[in-house]
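Asks: First to last, the protein sequences are chains A and B.
So the first sequence is residues 427 to 703, counted in this note's numbering.
So the second sequence is residues 427 to 703, counted in this note's numbering.
Just so you know, not all the hints are guaranteed correct.
Copies of the same chain are indistinguishable here, so a pair counts whether it falls within one copy or spans any two.
Unchecked claim - DSBU-like, lysine-lysine: derived pairs with alpha carbons at most 30 Å apart:
1) Lys-656 / Lys-702
2) Lys-668 / Lys-640
3) Lys-608 / Lys-584
4) Lys-656 / Lys-576
5) Lys-640 / Lys-576
6) Lys-702 / Lys-620
7) Lys-582 / Lys-702
8) Lys-640 / Lys-584
9) Lys-668 / Lys-584
10) Lys-582 / Lys-608
11) Lys-640 / Lys-582
For the record, the hints were derived by calculation from the structure and aren't laboratory data.
There are 2 protein chains.
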Amino acid sequence: MDMPTQRGSGSLLVAWQLAGKNVLIVGGGEIASQRVDSVLVTDAHITVLTPSSGLNPRTQRFIAEYPTQITHLDKKYDNNPAELGLLNYDMVLTALDDVELSRSICQYCRDHRIPVNAADIPPLCDFYFGSQIRDGPLQIMISTNGNGPKLANLVKRKIVQSLSGNEGAAIQKVGALRVILKERAPGVGGDNGKRRMAWMTKLCNEWDMDELGKLDDDSMIKLLNEGWEKNHVPPPHALGIKHSVEMTFYPMLVNSILPSLIGFAVGVASCVWLRKK
Amino acid sequence: MDMPTQRGSGSLLVAWQLAGKNVLIVGGGEIASQRVDSVLVTDAHITVLTPSSGLNPRTQRFIAEYPTQITHLDKKYDNNPAELGLLNYDMVLTALDDVELSRSICQYCRDHRIPVNAADIPPLCDFYFGSQIRDGPLQIMISTNGNGPKLANLVKRKIVQSLSGNEGAAIQKVGALRVILKERAPGVGGDNGKRRMAWMTKLCNEWDMDELGKLDDDSMIKLLNEGWEKNHVPPPHALGIKHSVEMTFYPMLVNSILPSLIGFAVGVASCVWLRKK
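Isolated chain A (complex conformation) (with noise of 0.2 Å):
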């Protein structure tokens, strides 16, 4: 039987969603202020449970400027979930050096199906965390699956090098016109859902990435009722919006041109030598 070779050992790579929800963090340290870092992007409601002193300077602060979103237990984990009421978080993150405390929560949480990870102690986690890159509403994530965090690391680094940094831009951008044509041509599927589809397909492959993300209120506006109630897709510039040299001319200037005229002054160079000899 012929196997696919790609299979086996990998994770399933999710956005998972907490907004509304109630998280708990266990510890106070380093990884425990990564954590929270992590979890405030998706609006959650944040409870970190360390005591305070040698509170991770980072988590005091995400404490000071979010105090309607974070709040922060005091104490010690008691190995007293009933008490802790730990049966109302919908996720429960531990960054714990007590390995056995850690253990002791975890065990907890899986009986009780709440999806729990346990830094450094793999397997007791429903999930592990990996690299991320974040811009606006893009996110990304990339995971080695257990092999290691530093070729994580190069990998993203490779990833950041090749983004321009107006890709969180253009998506945030394409959202907001998604849901301006939802409320002009309403409707799940149907004749609507098509040409909606059909437009903002046409839209994405005749725009770059640049230009969608300069689209502000106004060129937004004027795109649809020029473009879409026209049943066409107007270029850029016939919004005012200008391609962005700068994105293209200076690596052609730097791989292209210089040498070229490095090339043509060299060259020039050597005839007049030759001439003189």
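Chain B: place on chain A using the hints.
Replies: Below, chain B without anything else, positioned relative to chain A:
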């Protein structure tokens, strides 16, 4: 209060672990087949619940190729979760045209804390899927947080172009080295742990991914015996691993040398032409 600007409306991107777990996929269309494809890499046991008639050909092939990993229940979901043993599943993914049926499955899952995703019904989902890239143990996910899949695919294309295709192999070799090192110098943390981490860091800094990917069993053992055991990191060529010239040569050729040669030729030709005038 100075609020950082990037907060909110995001997801928690995680690598869900499903090895040995039970996943139920309800539906027989294109999306259900994508779900089977995604879950297969996790070593979960998959149950596909859908009538045979009209079953997507790709899902049919998966069922045939993975008879021990995939069970096909040839029937419709009849709104009887107890009879189906829904509580035995660790994750449920629905991809049905029947929105009410999806809703009913989702409600049951949420009441019983079974992680659930219903394609096309975002409010019912515990998590979303995104664009995926896989290269052996390397997995990358791109999420636009509900702002549309087209730009996610454009970002995916940029990322794929930025990768050499050797990253997966490099990560797999580094993972294997970590395992062998843990045998040679065991222990979590402590002096051995620090020494292992320092040496792996040096290796990942001094070798590039392409070189790491070329390690085989023999060169790995040689690397450890002549490197790790002597507390240094030998260069790749000392182990017979050549730097991949074609990885840098052809881009260099096209981007710099060719324009230089053309510039040189134009320089000489201009000189000769000016002499004749």
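Asks: State for each hint whether it applies.
Replies: Structure-based check of each hint:
Taking identical chains as interchangeable, the C-alpha atoms of Lys-656 and Lys-702 are never at most 30 Å apart, the minima being 68 Å within one chain and 59 Å between chains. Taking the closest pair of Cα atoms, Lys-668 and Lys-640 come within 30 Å of each other only inside a single copy of the chain (9 Å); across copies the shortest separation is 45 Å, beyond that limit. In this homomeric assembly, Lys-608 and Lys-584 come within 30 Å of each other (Cα to Cα) only across copies, at 29 Å, whereas the closest approach inside a single copy is 37 Å. Proximity of Lys-656 and Lys-576 under a CA criterion of 30 Å is satisfied inter-copy only: 22 Å between copies versus 52 Å inside one chain copy.
Only between protomers do Lys-640 and Lys-576 lie at most 30 Å apart by alpha-carbon distance; the minimum there is 18 Å, versus 35 Å within a single protomer. When the C-alpha separation of Lys-702 and Lys-620 is checked against a cutoff of 30 Å, the pair qualifies neither within a copy, at 73 Å, nor between copies, at 66 Å. Taking the shortest Cα distances, Lys-582 and Lys-702 never come within 30 Å of each other, neither inside one copy (55 Å) nor across copies (57 Å). In the homo-oligomer, the alpha carbons of Lys-640 and Lys-584 lie at most 30 Å apart both inside one protomer (25 Å) and across protomers (19 Å), since each shortest distance falls under that limit.
Proximity of Lys-668 to Lys-584 under the C-alpha cut-off of 30 Å is found in both arrangements, the shortest distances being 28 Å within a copy and 22 Å between copies. Taking CA atoms no more than 30 Å apart as the test, Lys-582 paired with Lys-608 passes between copies only; the shortest distance there is 26 Å, against 35 Å inside one copy. For a Cα distance limit of 30 Å, the shortest separation of Lys-640 from Lys-582 qualifies both inside one copy, at 26 Å, and across copies, at 21 Å.
Consistency with the previously given hints fails for numbers 1, 6, 7, ordered from lowest to highest.
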